[in-house]
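A.B. asks: Protein sequence lines correspond, in order, to chains A and B.
The first sequence begins at 2 in this note's numbering and counts up one residue at a time.
The second sequence begins at 2 in this note's numbering and counts up one residue at a time.
Since the hints were derived computationally from the structure, they do not count as laboratory data.
If you're wondering where the values come from, they're calculated on a predicted model, not measured in any experiment.
Glycine included, C-beta positions come from ideal geometry on N, C-alpha and C.
All clues given are correct.
Partial list, computed: chain B residues near chain A (C-beta under 8 Å):
no.	residue
1	Y6
2	K73
3	D165
Here's the letter readout for the chains.
2 protein chains.
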Amino acid sequence: MEYLYYLYPIRTYLIVAGTLEKPNPMTADWVVPLSRKPPLLGVAIAHTRYTKKLIDEQKDFVVAVPTMELLKDVWIAGTVSGAKKDKKELMSVTFIESKSVKAPSIKECAANLECRVVQEVVTGDHTFFVGEIVNVSYGDAFPNKPDIANFRFILHVGGKDFTDTGNETIQP
Amino acid sequence: MEYLYYLYPIRTYLIVAGTLEKPNPMTADWVVPLSRKPPLLGVAIAHTRYTKKLIDEQKDFVVAVPTMELLKDVWIAGTVSGAKKDKKELMSVTFIESKSVKAPSIKECAANLECRVVQEVVTGDHTFFVGEIVNVSYGDAFPNKPDIANFRFILHVGGKDFTDTGNETIQP
Chain A
2 MEYLYYLYPI RTYLIVAGTL EKPNPMTADW VVPLSRKPPL LGVAIAHTRY
52 TKKLIDEQKD FVVAVPTMEL LKDVWIAGTV SGAKKDKKEL MSVTFIESKS
102 VKAPSIKECA ANLECRVVQE VVTGDHTFFV GEIVNVSYGD AFPNKPDIAN
152 FRFILHVGGK DFTDTGNETI QP
Chain B
2 MEYLYYLYPI RTYLIVAGTL EKPNPMTADW VVPLSRKPPL LGVAIAHTRY
52 TKKLIDEQKD FVVAVPTMEL LKDVWIAGTV SGAKKDKKEL MSVTFIESKS
102 VKAPSIKECA ANLECRVVQE VVTGDHTFFV GEIVNVSYGD AFPNKPDIAN
152 FRFILHVGGK DFTDTGNETI QP
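With the sequences and hints as input, model every part of the structure.
C.D. replies: Rendered as structure tokens:
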């Protein structure tokens, strides 16, 4: 088995690049918090991806947080290339204007983290984009910490297999 | 709420630095796959952490994958500083020799990914270590993909709250 799968299952997000007129969402498992002050996150995107080209040009993107209800859309965003097809036409989600970046947000997602690229690092066959989170819009999945009792966040197990987060809070 | 918590809950791992004689395990949520060829992963560690100093010196570390049975140990590793106390004495796990790096592995973990540091990037208040995975030892949680039906992997919700991965495979 590939070494990286020992880290799975891991959370799955949508990276939205492009503009409100021409949005391009991509499914990404490789997303990570990086810093509290300033608030930074990182996302690793294969060099060959259309999303990589779009972020290079526009220097911003949105990390949208899907829940299990959006799994079919997540699968489409992860398997269709935006260079060949308009994913917006295939997906059922609504793209809306972000507050602080050109890349749009997704209305049906539990949260949208608006990021400006502050650093770009080549890591093997992927480009690691470091984004400063400049704004967030969200629904009600995060009253103060993630509401796991009522929201089913998506984890990627591998291939076409997914699972959800537990709904029970466990303390050590 | 802090911006980064919109990415939560996320998986929790143990980063083992140091040697078999003087191991120092630290709990880390901020771990991410980065590349398939070569196999790379990244981990963000606060500049002030004892583990950061140890990895700087030795240039290797192990990412150990705990399951829910080890939650108490995970909590100790995440809240006690190895600069002040010997965590090995406080935790119930067994440190064992790794195959290819000086940093030891943990016998009770579902997998141990042995990493050599190939790059180090400052990202805000954390240092992001890029490690090449040079070897893996593991138990039986990964027959070919993660066995979510039988292993309960740990997710950090925030603060002292954790949850587990779902045990049902869902397909889009």
